[in-house]
Amino acid sequence: MTIRDAYEQARKKYNLPSFADIDKEFEIASIEAEGSALREVRHRIQERLEFGVGVLDTICQPDPNNVRSMIECSFFNDMEKRKAYELSQRVATLWRSLTEAELLNEEKSDAEFIKLAYKEWQMLKEHLLTFVRKMRESWKGTQQSREELGYLG
1 MTIRDAYEQA RKKYNLPSFA DIDKEFEIAS IEAEGSALRE VRHRIQERLE
51 FGVGVLDTIC QPDPNNVRSM IECSFFNDME KRKAYELSQR VATLWRSLTE
101 AELLNEEKSD AEFIKLAYKE WQMLKEHLLT FVRKMRESWK GTQQSREELG
151 YLG
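Residue numbers (the working numbering): 1 to 153.
By construction, these hints were calculated from the structure, which means they are not laboratory data. Heads up, a few of these hints could be off.
[Unchecked claim] In the DSS-like style, the derived pairs of lysine-lysine whose C-alpha atoms are separated by at most 27 Å in a straight line are:
| id | residue 1 | residue 2 |
| --- | --- | --- |
| 1 | K115 | K125 |
| 2 | K119 | K12 |
| 3 | K119 | K140 |
| 4 | K119 | K83 |
| 5 | K24 | K13 |
| 6 | K83 | K13 |
No experiment lies behind these values; they were computed from the predicted model shown.
With the hints as constraints, model all of the structure from the sequences given.
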């Protein structure tokens with residue numbers, strides 16, 4: 001049975017988002033169809049959330065040993081950092097739902113998490129894109145010399 005077939009069975013049983021929608025966001029088509037399909041989808045969602053956490057951490061809590069992280073943090077004003085922190089709280093709540101599903105290790109809890117994560121990811125992704133685009137554009141305008149760099153947090 002392919003991942004598509006296994007997911008479709010679960011989709012009908014738990015009213016999950018379409019395979020195409022989940023695949024577009026979390027790249028599930030390449031999952032090998034061994035074991036629990038929904039558990040494997042949950043793991044793909046976890047990978048995407050880790051990526052989002054990395055972006056938000058750069059803004060909210062930059063690594064002082066990483067110059068890129070410190071410089072990127074300086075691109076954001078206090079209001080933007082507050083928004084990133086609020087998003088971090090939403091991601092943390094979602095992450096704990098992921099942890100709960102991991103501990104329960106049941107198809108039903110995986111399905112509930114997938115529905116929640118898909119819905120939340122739509123909103124999170126838009127905000128993450130805003131932050132990432134600002135980072136990219138800010139790098140284009142950054143021509144500071146090493147001597148001009150002071151405290152960046």
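Now the hints, each set against the structure:
1. K115 x K125: 15 Å, holds
2. K119 x K12: Holds. K119 to K12 sits at ~18 Å (cutoff 27 Å).
3. K119 x K140: 33 Å, violated
4. K119 x K83: Between K119 and K83 the Cα gap is close to 19 Å, so the pair holds against 27 Å.
5. K24 x K13: 21 Å, holds
6. K83 x K13: Between K83 and K13 the Cα gap is close to 37 Å, so the pair fails against 27 Å, i.e. violated.
Checked against the numbered hints listed earlier, the structure breaks hints 3 and 6; every other hint is satisfied.
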